[in-house]
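Visitor: These are the residues of each chain, in order.
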Amino acid sequence: MIDILINITLLAFLAITSVAIVRLTNLFATIMLFGIFSLLSAGLFVVMDAPDVAFTEAAVGAGISTVLMLATLALTKGQKKSHEEDYEEKPSRAHRPWLPLAVVGITGAALVYGTWDIPGFGDPDAPAQTHVARYYIENAMPETGVPNIVTAVLASYRGFDTLGEVAVVFTAGVAVLLLIGGKRPKSSTSLKGDGGQDET
Amino acid sequence: MKPNLILHVVSKFLIPLIILFALYVQFHGDFGPGGGFQAGVIFSAALILYALVFGLDAAEKIIPSHLLRILASLGLLIYAGVGVVALLLGANYLDYTVLGSNQIAGQHLGILLVELGVGITVAAVMLIIYFAFAGRGRE
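Protein sequences appear in the order of chains A and B. Residue numbers for the first sequence follow the working numbering, beginning at -8 and rising by one. Residue numbers for the second sequence follow the working numbering, beginning at 35 and rising by one.
Among the hints, a few may not be true.
What the hints assert, rightly or not - Only some residues are given here: those of chain A computed to face chain B with a beta carbon under 10 Å:
no., residue
1, Val38
2, Met39
3, Asp116
Claimed, not checked - From chain B, some residues computed to sit far from chain A (all C-beta separations above 10 Å):
no., residue
4, Leu48
5, Pro50
6, Leu57
7, Leu110
8, Gln137
9, Val159
I should point out that these hints are in silico values taken from the structure, not numbers from a laboratory. No residue lacks a Cβ here, since even glycine has one placed at the ideal position from N, Cα and C.
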């Protein structure tokens, strides 16, 4: 019972946050709301008994990505163009809200219709639980001696997958270094304006 | 940046605790929630907080960026190396059972090393990305 209440509260906050993100034009406030959105999602994961995922969501979603977006914001303008400016550039006739609204509405209705066939949360007979999950639950402790099954699956049973994930993280770091990481020439002409931005 | 006494004092108090928590998440991941990914991110968050409060140059004095590049590669090498060691000991790639005297000990050692590799790489890459972004803003 208390779970349902917490779920409803968190989902309501999520909805409010997303509406606020769409409506705000101040990018700083938007980034803060993104962080709050991630934190609320992390709370939902905790309610669903997935602390490992909640941990990652809170640390990466609410922490690091917020800082990275703020760092990006510091390099760019802090204000999104208001809607009026947008409309001035394009004739307002080109903007028809009904087609996107219909697409979103129909897709959403189809997804909600799809949820009727989804087995209940935590149902042991759900297709997702009957394949390898039972094997992990029964054998992870005697085979690896690690009480946290998530860690046993992540690092041992699916070790090769995780190696790939680490390689992806490493590749992302290398890509960022290649794109914007290089040492910039030390103020050869001491450009403080826009001209200094495109040297690498 | 103008020095702010409250920020300095509070962050000096918080950063050791964040690093301690990161190490706890790293090495306690076998028993509780957590693991290399989360620990790496938390560890980098501590250093990013330091960089935000004390400036990027001070943070780069603690961990120079060439060291970060070595660490990012080192973590991935540790992970892949554990697999190669298992291969040399006559088992399948990343089969940790042969690393210890019995299966449980081998798995424990393997998971610990692999998670350590994950943590080092994730922490280093997060810092590389942050330094790269924050470094663009200087002058």
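Visitor: Provide an ascending list of the numbers of those earlier hints which the structure does not satisfy.
Guide: Of the numbered hints given earlier, those the structure breaks are 1, 2, 3, 7, 8 and 9, listed in rising order.
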